[in-house]
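Take these sequences, add in the hints, and give me the full structure.
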Amino acid sequence: TLSLEGVTAFLGCDEDDVMRAVAEQRLHAVEIAGRLRFPAWQLSLRSPGQVLPHLQSFIPALEERWGWRSISGFMNTRQEDLVAKGRKTPGAWLEDGGDPEAVRRIVQSGGPSW
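Oh and the sequence shown: position 16 is 16 in the working numbering, straight run, nothing missing.
Because the hints were derived from the structure by calculation, they are not lab data. For each residue, glycine too, the CB sits at the ideal point set by N, CA and C. Heads up, a few of these hints could be off.
[Said to hold, decoys possible] Using C-beta positions, here's what the derived DEER-type ranges look like:
hint	residue 1	residue 2	range
1	E15	S109	14 to 24 Å
2	D16	V83	32 to 42 Å
3	E15	G86	20 to 30 Å
4	S3	R26	12 to 22 Å
5	E24	G49	24 to 34 Å
6	K85	D14	31 to 41 Å
7	E63	L4	16 to 26 Å
8	C13	S109	18 to 28 Å
9	S109	M19	12 to 22 Å
10	R26	D96	19 to 29 Å
11	V83	R46	16 to 26 Å
Written out as structure tokens, the structure reads:
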């Protein structure tokens with residue numbers, strides 16, 4: 001996970017912008033040991049300063065279905081239903097331009113592979 005300061009530096013914005021994104025469910029944040037932390041899976045390492053494409057359309061469903069550890073496990077595990085030159089993690093699928101509906105179906109079914 002990253003700190004609030006780390007996320008603001010990565011995204012090139014201020015703390016108010018990040019907190020607004022969390023409130024609007026455009027970013028996923030968790031409280032760990034009394035501090036706000038941001039799981040790294042939601043940041044696009046291929047496009048510094050960006051989050052994963054279509055992220056905001058998944059955050060409400062992810063948070064409704066699972067806790068943050070399960071969400072991180074899902075986003076970092078290759079899924080049987082996300083195949084393009086091999087199985088992909090949801091994060092890699094979205095970064096590569098995969099259909100976000102395929103990820104949404106897995107989330108809604110509650111049946112990820114891990």
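Hints, one by one, checked against the model:
Separation of E15 from S109 is about 36 Å and departs from the stated range, judged on CB atoms against 14 to 24 Å. Between D16 and V83 the C-beta distance comes to about 40 Å, which sits within the given range of 32 to 42 Å. A beta carbon spacing of about 39 Å between E15 and G86 contradicts the range 20 to 30 Å that was offered as a hint. Distance hint check: the CB atoms of S3 and R26 are about 18 Å apart, consistent with the given range 12 to 22 Å.
With their beta carbons about 18 Å apart, E24 and G49 fall outside the hinted range of 24 to 34 Å. A C-beta distance of roughly 39 Å is found between K85 and D14, which places it inside the suggested range of 31 to 41 Å. Evaluation of the 16 to 26 Å hint for E63 and L4 yields a pass: the beta carbon distance comes to about 18 Å. A beta carbon spacing of about 34 Å between C13 and S109 contradicts the range 18 to 28 Å that was offered as a hint.
With their beta carbons about 32 Å apart, S109 and M19 fall outside the hinted range of 12 to 22 Å. R26 and D96 have their C-beta atoms about 21 Å apart, which keeps the hinted 19 to 29 Å range intact. Restraint check, V83 to R46: a C-beta distance of roughly 20 Å satisfies the suggested window 16 to 26 Å.
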